[in-house]
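Enquirer: If you want the building blocks of each chain, they are given just below.
Protein chains: 2
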Amino acid sequence: MKKFMNDAGAILTQSLDGFATAHADILTLGGDHKFIRRKALRPGKVALLSGGGSGHEPLHAGFVGHGMLDAACPGQVFTSPTPDQILEAAVEVDTGAGVLLIVKNYEGDVMNFEMAAEMASGPIARVLTNDDVAVENSTYTTGRRGVAGTLVVEKIAGAAAEAGMGLEALKALGDTVNGATRSMGVALTSCTVPAAGKPTFDIGPDEMEFGVGIHGEPGRRRDRLRPADAIAEEICEAIAKDFGDISGKRALLFVNGFGATPAMELYLMYGAARKLFESRGVSVVRSLVGSYVTSLDMAGCSVTLSLLDDQALKYWDAPVHTAGLRWGM
Amino acid sequence: MKKFMNDAGAILTQSLDGFATAHADILTLGGDHKFIRRKALRPGKVALLSGGGSGHEPLHAGFVGHGMLDAACPGQVFTSPTPDQILEAAVEVDTGAGVLLIVKNYEGDVMNFEMAAEMASGPIARVLTNDDVAVENSTYTTGRRGVAGTLVVEKIAGAAAEAGMGLEALKALGDTVNGATRSMGVALTSCTVPAAGKPTFDIGPDEMEFGVGIHGEPGRRRDRLRPADAIAEEICEAIAKDFGDISGKRALLFVNGFGATPAMELYLMYGAARKLFESRGVSVVRSLVGSYVTSLDMAGCSVTLSLLDDQALKYWDAPVHTAGLRWGM
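These protein sequence lines map, in sequence, to chains A and B. Sequential numbering of the first sequence, starting at 955, is according to my numbering. Sequential numbering of the second sequence, starting at 955, is according to my numbering.
A portion of the hints provided could be inaccurate.
One copy or any two copies: either way a pair holds, since identical chains are not told apart in the list.
Straight-line alpha carbon distances no greater than 25 Å define the calculated PhoX-like cross-link-like pairs of lysine-lysine that follow [unchecked claim]:
#, residue 1, residue 2
1, K993, K1195
2, K1229, K1195
3, K999, K1195
4, K1268, K956
5, K1152, K1203
6, K956, K1203
7, K993, K1229
8, K1229, K1203
In case anyone wonders, no lab produced these hints; they're calculated from the structure.
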């Protein structure tokens, strides 16, 4: 294992310390590294709270700030944050209008966010993201996994909350965006969890894991590495088939790197995926390309297609100022 | 070699096609993939033109747009753009106020930009970046290499050009910023050039290349991988020593990933480097952490310290809207 770290037990807290120092203008770190919260809370705004196992940066701490999340709870690497962490963050950021939890569909996350919600005294609602079309009921999940599409839900709900939308409407919006979003990923290498010290799974020098999860969970199958166009075709076909009829729809196309795949390859995949969706009648009106929902040092990428109506488009375009996503301010 | 590509000969052009499509709102691709230019040129503004071998994305094409470059010429991977490419881009973006070339100090780049400058008819000036303190006279370079500090020069000169600064003053400003900027990097793995199909250099499972160049050029020495704090200490010491007295200075601290190093590790290195510079009396007033000047799929990072006066600070903060760097708009 080759990582920039001092010891595996301290990698998360030392990284969070650096992160909080680098972005001290927009966020602050809670005690005992329990959460990252937006520096300037807006009284009367519904608070958006997310979190999950660490190792997916910039998700979620990198999306704390104006126009997106009010707080994020970082669990240990690939481990859910505790109910205690989540509750403390919820209390911290609730300014009276309630808290919307945005939770990726993993059993640990679902359980711990639910326990925190039960202990909370104020109004609280939850959006569960499950955009991964690759598999049902995998290693850590009942149903579908929540992956890169979570960013889209956090951005759009974040902008709506900023614009003054109430808790119930935000939950409905978040559910709608999640329902209009599909993703699938491919790994070329495994990630390595610092505490484990060795790759999560073995993969041959000419193999890929098709439909991989963001913790290295198995996908649909192991296959020989194929040309980018063939990989893109299979991903786009799986997403299009799952949507049903997408012809004539407007969409955000998001190609996401898993951590160790450089921009040159991501843009090549973006170009391939865009042509394939356009050939199916989709109008790609917004784009995002980069490593936003990662899996530590895994080489690979995912493709997300999110169908956007006028309202979602307006919220996607709204100003955002976080460590990981920034425009309009 | 595991990359998302169709064939090694087409990886660059297919990636550029995807890039230009994803960012069609701000830039356009020149014929034969010779350059990427800003979509809306501003008549009367000095044009900023950079470029170099591909494989360092988002540098340089990702820095084309408002407040930074007017055009970038992508050479083949790790290969200088041709004089013909550079000349064509210069003619395309010169709206009458002249062209400032920003060139990283590699022999091929220096020669080809110089040949283009000789053939150009309008006023033209050049800033040569050479911020890498690791070594003198390495594989492709006489003197010091131009590395991640080039981003700082492009950002600050770009904002100054946007504000109406003339060609001569821009050259002086670029030279000043370059002179106030120092970098050094460490590789944990080699990069793999697509056309070569195998790693550029061999490195053991417990080794690092200290002072590596962004094409995998040898650094100061091969060493056993050490804890992050020890690596940061040696880099910061080399940079501080090269500067001479930095106590009391205000600086931008930029921790740059080489392509395959995830955010968690970069932020840990940022935290370590910041403490070390602060202990030497530096006041870190601006920060940048991410993979901006890469070396294909190399795991590793560099640290850049750039001393900023009030004017440089103002230009660093000025709005920028490019694919790779964006704020204030």
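Enquirer: So, for every hint listed, does it hold in this structure?
Expert: Structure-based check of all given hints:
1. K993 / K1195: Neither. Shortest intra-copy (43 Å) and inter-copy (36 Å) distances fail the 25 Å Cα cut-off.
2. K1229 / K1195: within (16 Å within a copy, 52 Å between copies)
3. K999 / K1195: For K999 and K1195, the Cα distance exceeds 25 Å both inside one copy (38 Å) and across copies (50 Å).
4. K1268 / K956: Answer is neither: 43 Å inside a copy and 39 Å across each miss the 25 Å cutoff.
5. K1152 / K1203: neither (43 Å within a copy, 42 Å between copies)
6. K956 / K1203: neither (44 Å within a copy, 34 Å between copies)
7. K993 / K1229: between (41 Å within a copy, 22 Å between copies)
8. K1229 / K1203: within (15 Å within a copy, 50 Å between copies)
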